[in-house]
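A.B. asks: What follows is the residue order along each chain.
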Amino acid sequence: KQEVTQIPAALSVPEGENLVLNCSFTDSAIYNLQWFRQDPGKGLTSLLLIQSSQREQTSGRLNASLDKSSGRSTLYIAASQPGDSATYLCAVRDRNTGGFKTIFGAGTRLFVKA
Amino acid sequence: DVKVTQSSRYLVKRTGEKVFLECVQDMDHENMFWYRQDPGLGLRLIYFSYDVKMKEKGDIPEGYSVSREKKERFSLILESASTNQTSMYLCASSFLQIRDLGIDSNQPQHFGDGTRLSIL
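Protein chains in written order, with the numbering used here: chain A, 795 to 908; chain B, 5 to 124.
A portion of the hints provided could be inaccurate.
Stated by the list, open to error - PhoX-like mimics (lysine-lysine), calculated; alpha carbons at most 25 Å apart, straight line:
| id | chain 1 | residue 1 | chain 2 | residue 2 |
| --- | --- | --- | --- | --- |
| 1 | B | 74 | B | 22 |
| 2 | A | 895 | B | 74 |
| 3 | A | 895 | B | 7 |
| 4 | A | 895 | B | 57 |
| 5 | B | 75 | B | 7 |
| 6 | A | 795 | B | 61 |
| 7 | B | 7 | A | 836 |
| 8 | B | 17 | A | 836 |
| 9 | B | 59 | B | 7 |
| 10 | B | 59 | A | 795 |
| 11 | A | 836 | A | 895 |
| 12 | A | 895 | B | 61 |
| 13 | A | 895 | B | 17 |
| 14 | A | 895 | B | 75 |
To be verified - If the Cβ cut is set under 7 Å, some of the chain B residues that face chain A in the computed set are:
| id | residue |
| --- | --- |
| 15 | 43 |
| 16 | 47 |
| 17 | 94 |
| 18 | 116 |
Quick caveat, the hints were computed from the structure, so don't treat them as lab data. Fair warning: this is a prediction, and the values are worked out from it, not measured in the lab. Quick reminder that beta carbons are idealized off the backbone N, C-alpha and C, glycines included.
For reference, chain A alone in the conformation it holds in the complex (with noise of 0.2 Å):
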């Protein structure tokens, strides 16, 4: 059964500093891996999707990468700033289910200091 960990539960960063964020994953066999960020009490805003053929995927001041065969994926952002602040998740979209489920990590929560 594909589950996914998100580590660390929580970071404080000052503003400016660039920081990794981590997710792994139990099963290689996904369709794709998606980014996402969410705000105290909203829904979830889709940052970045890497198919499971592709190794990076670049936003503005955000990258993901995804190494599909260690099941590990990683969230860099570039000079935080205290907008940054949120919860992210990672999610994948499961093989063995015929792509129909996806499977989220727990998230990691984000504060970024002015």
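Position chain B against the provided structure of chain A, taking the given hints into account.
C.D. replies: Frame of chain A, contents of chain B only:
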């Protein structure tokens, strides 16, 4: 931009009531999903649908049912609400995965803003 709209942001109901949560998407997506999100447990899939009138159980379907009469609308029904169904409910949609062709799919899920449901 994809728009997934959930009918209520906050809802308070009583134990034993029948509760309807509505979700509408405007991008002609085949797939629609209902999740609940609880602290420490993350998002858990309740039900999903890949076509009109089609539905599949997720990981925690007990106490819930769904309805998909039109492609753009997916309803979650709590048959007899109980206090342990107090939670944040999230609806999502996506295009159909092209799994049978063996093609890696680039079909992200798009989420609504969620409904925070309290059962008293």
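A.B. asks: Please go over all the hints and tell whether each is borne out by the structure.
C.D. replies: Verification of the supplied hints:
no. : hint             : result
1   : B/74 with B/22   : holds (21 Å)
2   : A/895 with B/74  : holds (21 Å)
3   : A/895 with B/7   : holds (21 Å)
4   : A/895 with B/57  : holds (18 Å)
5   : B/75 with B/7    : holds (14 Å)
6   : A/795 with B/61  : holds (16 Å)
7   : B/7 with A/836   : holds (14 Å)
8   : B/17 with A/836  : holds (20 Å)
9   : B/59 with B/7    : holds (22 Å)
10  : B/59 with A/795  : holds (22 Å)
11  : A/836 with A/895 : holds (22 Å)
12  : A/895 with B/61  : holds (10 Å)
13  : A/895 with B/17  : violated (29 Å)
14  : A/895 with B/75  : holds (19 Å)
15  : 43               : violated (9 Å)
16  : 47               : holds (4 Å)
17  : 94               : holds (6 Å)
18  : 116              : holds (5 Å)
Comparing the model with each numbered hint stated earlier shows that hints 13, 15 do not hold.
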